[in-house]
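Here the protein sequences come in this chain order: A and B.
To convert, note that position 115 of the first sequence is 114 in numbering that gives the first Met the number 0; the numbers rise steadily by one, no gaps.
To convert, note that position 92 of the second sequence is 91 in numbering that gives the first Met the number 0; the numbers rise steadily by one, no gaps.
None of these hints come from the bench; they were simulated from the model.
Source: prediction; values computed, not measured.
A few of these clues could be false.
[As the list claims (entries may be wrong)] Coverage of chain A stretches by chain B, computed from C-beta distances (three or more under 8 Å per stretch; other residues unrestricted):
hint, stretch
1, 66-75
2, 158-164
3, 167-175
4, 185-194
[Said to hold, decoys possible] Sample of chain A residues facing chain B (criterion: CB under 7 Å; computed from the structure):
hint, residue
5, Gly60
6, Ile61
7, Pro62
8, Lys154
9, Ala181
10, Met182
11, Tyr197
For glycine and all other residues, C-beta sits at the position ideal for the given N, C-alpha and C.
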Amino acid sequence: MLGQIAYALPFLAQGFALTLWVSLLVVVLSLIAGVILGVGLVYGPAPLRWAVRIFSDTIRGIPILVLIFFVYYGLPAVGVHLQSFWAAVLALTLFKTAQVVEYLRGAVASIPKGQSEAAMAIGLTFRQRLAYVIFPQAFRRFLPPWINGVTDAVKGSALVSLLGITDLMQAINQVIGRTYEAMPLYILGALLYFAINYALSLASRRLERSFAFIRE
Amino acid sequence: MGYTLNFNLIWRHFDKLSGGLLLSLELAVISIAIGIVIGLVLAVWYVSAGRVVRGIIAAYVEFIRNVPLILLVYLVFYGLPTVVDIAYSAQTSFVATLALYSGAYLVEVFRSGLEAVPRGQIDAGKAIGLTPWQRLIHVRLPTMMRITLPALSNTFISLFKDTSVASVISVPELTYGAQWINFNTFRIVEVYLVVTAMYLVTGYVLLFALRLIERWYRTAR
Chain A
0 MLGQIAYALP
10 FLAQGFALTL
20 WVSLLVVVLS
30 LIAGVILGVG
40 LVYGPAPLRW
50 AVRIFSDTIR
60 GIPILVLIFF
70 VYYGLPAVGV
80 HLQSFWAAVL
90 ALTLFKTAQV
100 VEYLRGAVAS
110 IPKGQSEAAM
120 AIGLTFRQRL
130 AYVIFPQAFR
140 RFLPPWINGV
150 TDAVKGSALV
160 SLLGITDLMQ
170 AINQVIGRTY
180 EAMPLYILGA
190 LLYFAINYAL
200 SLASRRLERS
210 FAFIRE
Chain B
0 MGYTLNFNLI
10 WRHFDKLSGG
20 LLLSLELAVI
30 SIAIGIVIGL
40 VLAVWYVSAG
50 RVVRGIIAAY
60 VEFIRNVPLI
70 LLVYLVFYGL
80 PTVVDIAYSA
90 QTSFVATLAL
100 YSGAYLVEVF
110 RSGLEAVPRG
120 QIDAGKAIGL
130 TPWQRLIHVR
140 LPTMMRITLP
150 ALSNTFISLF
160 KDTSVASVIS
170 VPELTYGAQW
180 INFNTFRIVE
190 VYLVVTAMYL
200 VTGYVLLFAL
210 RLIERWYRTA
220 R
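Just chain B, same shape as in the assembly (with noise of 0.2 Å):
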């Protein structure tokens, strides 16, 4: 015992944390947006294919799912380029990870929201002459959005702190620069009560401006 919490080495080297928070952010939000494309697509596609087609998203979704995060970062950053002839940074390589990850996950979210879209809309969507396509855009996807929309914020916060796996290939974002102020000053217990205190506060920032977004999307037209 008798450890003195002396935080001014953390103040000092704060820009590392700061960054970090911003390129964590960052991470996120593109993984997400790229993973609500494939979830979208592949979940639209789920519902309308046949069985192999569902079958192969399938696969992809329980791959995905049961295989630790950390493992999917290192076989694309180290493993992938042996195999095929790519380069890309370690940022770069995080993001499709990630993308695919979320992708998973979304895919899961979006077929069940689908499917939880009451069968009158669509009849009713049908009755009034729209195309299935139509129908899709203007009937099935809106009310999607509505019932999927707290289960995608919860993956959203879930993928932000998933991104502090990224500094496994030294991407420098949130938890890379604690544990570069950890190695390089050693005010270890300081600069982890620092980081949590940043990840709870964003965390519930984000939860609170999403859920702000799902009451405003619920109420509109």
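If we strip away everything but chain A, and leave its shape as in the complex, we get (with noise of 0.2 Å):
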């Protein structure tokens, strides 16, 4: 048993490889797509508000699942033709913007008026304003939750095995395949995911504990 699995070894790094490499994508892609519609959920026009809010309500409110089969499956028949491994990085980038907009909402909102209001006194534009008054504030606030939801798209990245892209659930369920050793593969699959996860969530620890000096 042990022989077969260090066999496979080497085909479940690369699938832990593409686990990564997703995740990471699907985190720095959300992060700067979150952050502009997170401005604009914030900041924008009315029409622009309405619309970032429909699709944050919109996503959070449906199963990542199904958003990942209605793009996969939904997309080529409206003519749109993606590689399976883009279109998951698509659905899953836009589950996790979602997520980005909120947390963005959240730090702003919990920013003082008065820091605003202050800004405008001394007679900051709109951009100065968000660069020096409200962002680095924010960000504080912004961070710990934000590590934390990492976790998410690592977590849910383990979805687009369904797609047949071969990440690290799907590298196991193959090896499983042909070897019939289906619980210590599963449980070592468990404990790489954990490694990874748990490594984030002790980073934002971390974090949270060297922000925790700055309190109201």
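Join these two chains into a complex; the hints should help.
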């Protein structure tokens, strides 16, 4: 049994690397998209605010799995052809973007109104207010929940195995298909996911502690 | 482009979706009921236990929370029967998985709720001569319940969405119904639009109902 698993290790390592790669892409892309949409939600004109609100509430209201299938099977039906890898990244990014939007909104809302009023009073422009007053403070409140939420991207990425992408989950299933060693391999897989996510949650706890001195 | 929406085939097979939705709700309700029992017992045990028990409970919580649900579903359905001599249907297996899964999240919810019970209430209970057991039943748990109810509602709604993962072991819930229609009629965009609406409406109706219950529970007595 151990020999078989040892033989499969390079294959599992490839899956592990793909899981990390998908997660990283999703985390980076959703951070960019989420911050832009989040600023739109807080400061944008009414139609933009409604659009972002509807986007975020819809995405957060449906299972990620449905979103993944919708993007993967739906896009080709309307004539958009993406590789399954990119369809998966797109779906997970949409899901994660909606979360980032909410973290950003929460973080900005937690900054006392007096701060932006004071910034306005000394004549800072909108961009300066964001860059020098709001964002530096909101950042500290945005970071811990955001890092905590990174584990959601890693866990969500396991669903892309259903699209035939050989991530860690799919690699595990394929090795089981050949060796019939279901239990040891699922446990190995669980430990690998655990290792990634536990490391992330330890990092987020450290960050929370290093920002703990900031209290109103 | 040039895709024309045609919902006829969706309505013809709508029983797959309506039945699926009911099953999704059923799976979520049974799982959270068991999960609440697991969560309550472990949380009460945790706050009064020694280091070893705390370590074991924390390990369970951390393990479940850091592993993808789909892997747990596979592990319980395909993995467990290979080492233990038990047989169960996909549905039972999924409920067991989701119950263990929600239990891990609820231990945390209940534990922080128990710790948030004001010290004065427990001291007052002691002062009027309640035993530790009576203090738990009449003082700590009711107050904890009021504190944790919003978190409990949120957990329930996210579990309702998580039931979609049951489709990977062919439990005929809502997402499975959607895939069936997807593969058999190819009205892909239509079916996912309808299913998205069904998840959204059900989710928001549940949220609204639970918020009403929370408000009633806060003002009652």
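To see whether the hints hold, each was checked on the structure:
1. Using a Cβ-Cβ cut-off of 8 Å, 4 residues of the stretch 66-75 of chain A lie near chain B, which meets the minimum of three, so the contact claim holds.
2. With 3 residues carrying a beta carbon less than 8 Å from a beta carbon of chain B, the stretch 158-164 of chain A meets the three-residue requirement, and the given coverage holds.
3. Here's how the stretch 167-175 of chain A fares: 4 of its residues keep a CB closer than 8 Å to some CB of chain B, so the rule of at least three is met and the hint holds.
4. Judged by the Cβ-Cβ criterion of 8 Å, the stretch 185-194 of chain A is covered by chain B as claimed, because 6 of its residues qualify and three suffice.
5. A distance limit of 7 Å between C-beta atoms decides the matter here; for A/Gly60 the minimum to chain B is near 4 Å, and the interface restraint holds.
6. At its closest, the beta carbon of A/Ile61 sits 5 Å from a beta carbon of chain B; the interface hint therefore holds under the 7 Å criterion.
7. For A/Pro62, the suggested interface contact is upheld, since its CB lies about 4 Å from the closest CB of chain B, less than 7 Å.
8. A hinted interface residue such as A/Lys154 counts as satisfied when its beta carbon comes closer than 7 Å to some beta carbon of chain B; here the least separation is about 4 Å, so the hint holds.
9. Look at A/Ala181: its Cβ gets to within about 4 Å of chain B, closer than 7 Å, so that hint holds up.
10. Satisfaction of the interface hint for A/Met182 is found here, the shortest Cβ-Cβ separation to chain B being roughly 4 Å, below the 7 Å cut-off.
11. Nearest Cβ of chain B to the Cβ of A/Tyr197: about 5 Å, under the 7 Å cut. The hint holds.
Violated hints are absent here; each numbered hint is respected by the structure.
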